[in-house]
Amino acid sequence: MNPIRNLNNQAIKKDICNGVNYIIIGNGPSAISAVRAIREVDLRSKLTVISDEPYLNYSRPLISYLLSKKIEKDKMVYCHEDFYKENRVELILNKKANKLDIKKKNITLSNKQIIPFDKLLIATGGAPIIPEVKGRDLFGVFTFTKLQDAEEIARYIRYNKVKEAVIVGGGLIGLKAAEALIELKIKVTIVELADRILAATFDKKASSIIEGALEKIGGKLLTNNTIVEIKSKNKKVSEVILRDKKRIRAELVIVAIGVRPEIELVKGTSIKTNKGILVDNFMQTNIKDIYAAGDCCEAKDSLLGISRPIAIWPVATGQGKVAGYNMAGVKKEYSGSFTMNSIELCGIPTISVGQTYPEKKGYEVLEHFDKDKPIYKKIVLRDNRIVGAIFVGEIERAGIYTGLIKDRVDTGSFKEYLLKEDFGLIILPKEYRKHLVTGAGIEV
Amino acid sequence: MAKRPSPTEFIIERDDEKCIACQVCVRMCSNDVHSYDAQTDTVFSDSGKCVGCHFCETICPTGAITIGRNPSEFKLNANWNAQVIKNIIKQAETGGVLLTGMGCDKPYPIYWDHIVLNASQVTNPSIDPLREPMELCTYIGRKPDKLEMDYSKKEPQLKTKLNPQLKLETPILFSAMSYGSISLNACKSLARAAGEIGTFYNTGEGGLHKELYKYSPNTIVQVASGRFGVHKEYLEAGAAIEIKIGQGAKPGIGGHLPGEKVSEEISSTRMIPQGTDALSPAPHHDIYSIEDLKQLIYALKEATRYKKPVGVKIAAVHNVAPIVSGIVRAGADFVAIDGIRGGTGAAPTVVRDNVGIPIELAIAVVDQRLREEGIRNQASIIAAGGLRNSADVIKAIALGADAIYIGTAALVAMGCSLCQSCYTGKCNWGIATQDPYLTKRLNPDIATRRLVNLLRAWSLEIKEMLGGMGINAIESLRGNREQLRGVGLSDIDLELLGIKPAGEAW
Amino acid sequence: MKKIKNQISKIKNSGYKAKLKRIIIREEYCMGCRLCEVYCLVQHSRTKNIIKAYKGEYPKPQPRLIVEEKGQISFALQCRHCEDAPCLEACITGAIYRDEKTGAILCEENKCVGCWMCIMVCPLGVIDRNREGKKVISKCDLCIGEEIPVCVKNCPNEAIVYEEKK
Amino acid sequence: MNYFPGKDISGCGLVGIMDQSGRRFSGRDIITSIASMRERANGLGGGFAAYGIYSEFKNHWCFHMMFESKSAMVQTEEFLRDNYKIVRDEIIPTKEDKSIKYRPLLWRYFLQPKEEKMKLHYDITEEDFVVKTVMEINTRIEGAFVASSGKNMGVFKGVGYPEDIGRFYRLEEYEAYIWTAHGRFPTNTVGWWGGAHPFGLLDWSVVHNGEISSYGINRRFLLNYGYTCAFFTDTEVMTYLFDLLVRKHKLSFEIVADILAAPFWDSMERESPEKREILRALRITYGSALVNGPFSIIVANSESMIGLNDRIKLRPLMAATFENKLYLASEESAIREICPTPDKVWMPKAGQPVIGRLKKQNG
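From first to last, the protein sequence lines stand for chains G, X, L and D.
Numbering follows our numbering, with no gaps: position 288 of the first sequence is 288.
Numbering follows our numbering, with no gaps: position 442 of the second sequence is 442.
Numbering follows our numbering, with no gaps: position 119 of the third sequence is 119.
Numbering follows our numbering, with no gaps: position 137 of the fourth sequence is 137.
One or more of the hints may lead you astray.
27 Å max Cα-Cα, derived BS3-like pairs, lysine-lysine [unchecked claim]: (1) Lys135(L) <-> Lys371(G); (2) Lys250(D) <-> Lys154(X); (3) Lys134(L) <-> Lys216(G); (4) Lys70(G) <-> Lys135(L); (5) Lys344(D) <-> Lys159(X); (6) Lys313(D) <-> Lys159(X); (7) Lys60(L) <-> Lys434(G); (8) Lys373(G) <-> Lys135(L); (9) Lys135(L) <-> Lys18(X); (10) Lys70(L) <-> Lys430(G); (11) Lys250(D) <-> Lys153(X); (12) Lys248(D) <-> Lys146(X); (13) Lys135(L) <-> Lys75(G); (14) Lys248(D) <-> Lys153(X); (15) Lys111(L) <-> Lys70(G); (16) Lys205(G) <-> Lys135(L); (17) Lys248(D) <-> Lys154(X); (18) Lys18(X) <-> Lys48(L); (19) Lys70(L) <-> Lys420(G); (20) Lys154(X) <-> Lys359(D); (21) Lys248(D) <-> Lys161(X); (22) Lys70(L) <-> Lys426(X); (23) Lys261(X) <-> Lys70(L); (24) Lys101(L) <-> Lys75(G).
Bear in mind the hints are in silico, worked out from the structure with no lab data behind them.
Sequences and hints are given; from them, build the entire structure.
See below:
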């Protein structure tokens, strides 16, 4: 049976009993994905999307591309205006949802407008973490998560003819920002608290490959260090002081030490939170009819078995979809997710998935390292099941491993082929292979 | 003397302008004819290994490959021709029997090509098969001398009980080709096509693979001298049983499936140890005379409680008419006669090309003999041995066959190009091989479709020709030699064939 | 109200939920000849001429499918155009979209920035990086404009077939 | 009447009249009737069969002989005398007609088989003995031909238009309860006296219009049962088939019709299972006796007259009844010529026999 056809039948039923008022706060991937899911099921009910940003929508991961002028601003939009029209979405832009009244089932917007809801999805995303350092409010200190950040940085660079910049944080955002600035011929120093870049997702070998590449394109890296103060000249950033008292000249500082779930709206309500908003397997918070999805929430990490925020795009869209279905009355359970990242740094494609750097015992590690190319591949296994993988330099077919992690496939029978050059579906057990090529709605 | 390899039979011409070095030919040739040189990004071919199966030529996406005959010639000599010389060279080197596959390729007269058919003109209307029913349905089995009826009740009642019969929707069956000589996919294709058309295929002496049991309503199971894979379930699975005495391609000699071909699957199907040679003795060692055959026929009938026709297959040899008469009198419900041009998976070349008689003469003399003895109704006659098209079929039937077996034609429909190298087990078309890398090349869906198409096409042509003769049922043509005339045949040929020369009226 | 109805019907009829064709792999009949790869390459070349594509185009055109081979098993693998396509969910630019008519998962190349998120999540590993010089992905597009994808059309053994989804 | 214009180019004319009560009537009617179909003949053959004409010799076999020479007659008589008691022999009376140019010597014999001769053949019936005799004469004695060999019946035939032949044989002077007639348009064999219709064997007579495409196999089928066809005519084959199936295999006329003009396999499917079983068995067993090609025939023996068409009715045949009389003819007009107001007229369907039977007479 075609599951979609089932949904369509339900959709027709729903047509008769319409009248649910859906509100989605946020206009990011989980919000869009939720709209799609709701409209697949419920075509008639009112659906409103509220965003505190002025833009129609845009892809946040693309801001470094915008900054480095690799793409134009209009390319940032990943969902056209037509999308809202076709899906009959009322779009409220540039208004922040300030207050949530659980009892009355309404929200108050920044313009004091009160909007009632029957079902609410909180998809407020994440916010950058800003360290408590002196001078952090100075003109010339930026975070780097929003379109607005990129535009402001670009404007600042243009007006101030920035030559040197310091980036605080050697994570993905920091590195993408660094790469963009280097493209703009700005001398960049990255200050990283840990002993290496990308410490959260990479192991040492992988980090060192990227570090090497970074150096090659002129990026400077200071590890085991952090800034303690930002100095200014003419009210503008001029210098940063590091923990080791070292001073680095910089007209621009980008703080990119991470993001946290944006949960301001639910603070003071009875909605339970930890780091992020807590949700059940159906993406519903502890309050009925209020759902949360994306970077603002905490959901099941299927690898670690704990609840935690995983602030990545596919997780956001996946959660948004599940939330949308459940809001529209179609029970769908969230299967959980795990962290993964794909990023090309300094011309080197990389993919990291799951636990790449196990610190405890009981893990098995398979490695392939070709220093000259450079190519680095690593598989982390526990009880013959893959729990993590890193690919640097050669990422082809990496998704197969992601799939093996997701489906918790026992690799015992083919482990030795995992890192062979001709690795492919063909080495997988026939049943699983057939499931893969015929599954996902394709029946043979 | 110096080592003297036999000259290559074929020359592979590769058009370098067209060759894109995609290496499809390299991957596909089981004889390792083609090889790729990465340094020069060029594909080379070693003509010496080519058997002339044309697989590469067929599959090359740019048509860059042409397989031609080696133009290198010995001095012209009608007696000592190139083949004769090459064979001597080969035997001088190996000291062995020359092996070959498929049917006799010597230019003996093909009587089919000297027999022409009749058509209605004026005095008798021809029938349009597209508008009027045209019946090809044929029953194989023993027919009673007469039917006895009971007229005592209001409606007449049948008193005679008919012997078991095989019902064919068209008078063409697939002849015996064993799982072993051909691949399981080939067997499946034959079985499925037989089912779709409403006819039968024959297991040969290879037993019945477990995956083939589902096709049993369209299966004739063979009992041959090796008795491979013969057991109760096997006999019961068949719609009919055929005792194989001989085969047109190798009358008087047995079979030999080399041990390396006896895979696990074949071993379990044939019930012989894996890797051992499967040797079918030349005679059945329990049949040294006609009365022994009678015992085996009745043993098989007993074993299957007289529910299935039991037939006998023999090679057409000089004494074929009296032999068949004896077989019919021994209780066979049908007799398959395989002429000298009948195919094989492997046979000594000398036997294939020199032993036996053409099927045309064999059917003619057998049918006539049985009628003279008044026993023609007691058994059906199935003609086999190199029948090539619907004209051969219709002529065979007019000469007196009830139905015909096709083997080679079926293989060609499946892809075979008659390279005669079946015995090597390296068939590139996935037919005469057990190599799993090669057998998957024969997709039974395609092969079944092609076999069905072939039988449909032939049946349609037969209907056209029947209609042209003003006949609308195949039984009115069967043995109706008045519809045949000979062209360019000697008086004695005409007499043996029982037909008049062209130009002579009724 | 009428407008709403129109919009609703538009959503309902929108594309790929209708009967769609899919490429089905029958590995038991794959001969490993790689003709699918040859024809795929030609189809996605600039000239679409088999001899020029191989002998006259640089960089060499890239086939959009993968032939996997091990021992006697082989099969051609191309994007399954999954119903629940993970690549579609993972795409950060909206470059990957589903063609409403054919249901094919396609990539709008001028939107793609080459973030390789789709490569990371595709469980079949059938999305490749473009190796002809662009920083975009390379994937099966079911041969836009062709009635039957060329790999299916040219498979000599019907080991890949194009069938309506049951 | 011609239902298949364009198909029926060669056309013989047939007529059969039977009084099912057994009342005998003169040959005048049938001559009139067949004369009306002169168009269907070409003067190369005509003939009649008459049943009930020799009641004073009804227990003796009557051979109508044609001799081309005196020596043939001598040889034949010698052979007959060897095996039979010749009860009576005489010339067949004729009336000279200018349209009859050439004529053989026509003689009839009333015979009684010699017991001691029959005993030489193990377990032979009298009928088979007669058949053997007929075959011997026809195949062995040059210039001798047995035109009929039944009891209380005779075949009168020759080269010419049938009405001329009828007058030549003075048939209006005979009285019979079954008359059949044939006007011939030969296509296969050249006109000769013996080759004219009806063909007779024992008390069978067959008149036939058509060309049997299955002739080759029908003949070889008969060979399997010991019949040697000496004349290469369709009629001969038809006669032997009736003899084999009715006399030897004891099958009813209806069954024989289902053999000679067998229904199609498809149409069998529409029959009851029992009927289907019988039809299937008949076709399997007697497939080679299926008469394929266009034909209409009228077959008679001393007890019955049967009209039959081929399985797709490629030749015409009409039937009619009037009181006790059954009429069969190629054309309806030929019936109405002698019976203007029949009780019933119909066109028998393909393969459906019309059977007239002599009503059982008391005593």
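Going down the list of hints, with the structure as the test:
1. Lys135(L) <-> Lys371(G): holds (24 Å)
2. Lys250(D) <-> Lys154(X): Since the Cα atoms of lysine 250(D) and lysine 154(X) sit roughly 17 Å apart, the hinted pair holds (cutoff 27 Å).
3. Lys134(L) <-> Lys216(G): This hinted pair holds, its Cα atoms lying about 22 Å apart.
4. Lys70(G) <-> Lys135(L): The given pair, whose Cα atoms are some 11 Å apart, holds under the 27 Å limit.
5. Lys344(D) <-> Lys159(X): violated (36 Å)
6. Lys313(D) <-> Lys159(X): violated (31 Å)
7. Lys60(L) <-> Lys434(G): Not OK: lysine 60(L) and lysine 434(G) at ~32 Å, beyond 27 Å, violated.
8. Lys373(G) <-> Lys135(L): holds (19 Å)
9. Lys135(L) <-> Lys18(X): violated (32 Å)
10. Lys70(L) <-> Lys430(G): Holds. Lysine 70(L) to lysine 430(G) sits at ~13 Å (cutoff 27 Å).
11. Lys250(D) <-> Lys153(X): holds (16 Å)
12. Lys248(D) <-> Lys146(X): Within the cut-off at roughly 9 Å; holds.
13. Lys135(L) <-> Lys75(G): Holds, because 15 Å separates the two Cα atoms, which is no more than 27 Å.
14. Lys248(D) <-> Lys153(X): holds (21 Å)
15. Lys111(L) <-> Lys70(G): holds (11 Å)
16. Lys205(G) <-> Lys135(L): holds (25 Å)
17. Lys248(D) <-> Lys154(X): holds (22 Å)
18. Lys18(X) <-> Lys48(L): With a Cα-Cα distance of about 15 Å, the restraint between lysine 18(X) and lysine 48(L) holds, given a limit of 27 Å.
19. Lys70(L) <-> Lys420(G): holds (12 Å)
20. Lys154(X) <-> Lys359(D): holds (19 Å)
21. Lys248(D) <-> Lys161(X): With a Cα-Cα distance of about 19 Å, the restraint between lysine 248(D) and lysine 161(X) holds, given a limit of 27 Å.
22. Lys70(L) <-> Lys426(X): OK: lysine 70(L) and lysine 426(X) at ~20 Å, within 27 Å.
23. Lys261(X) <-> Lys70(L): holds (22 Å)
24. Lys101(L) <-> Lys75(G): Within the cut-off at roughly 24 Å; holds.
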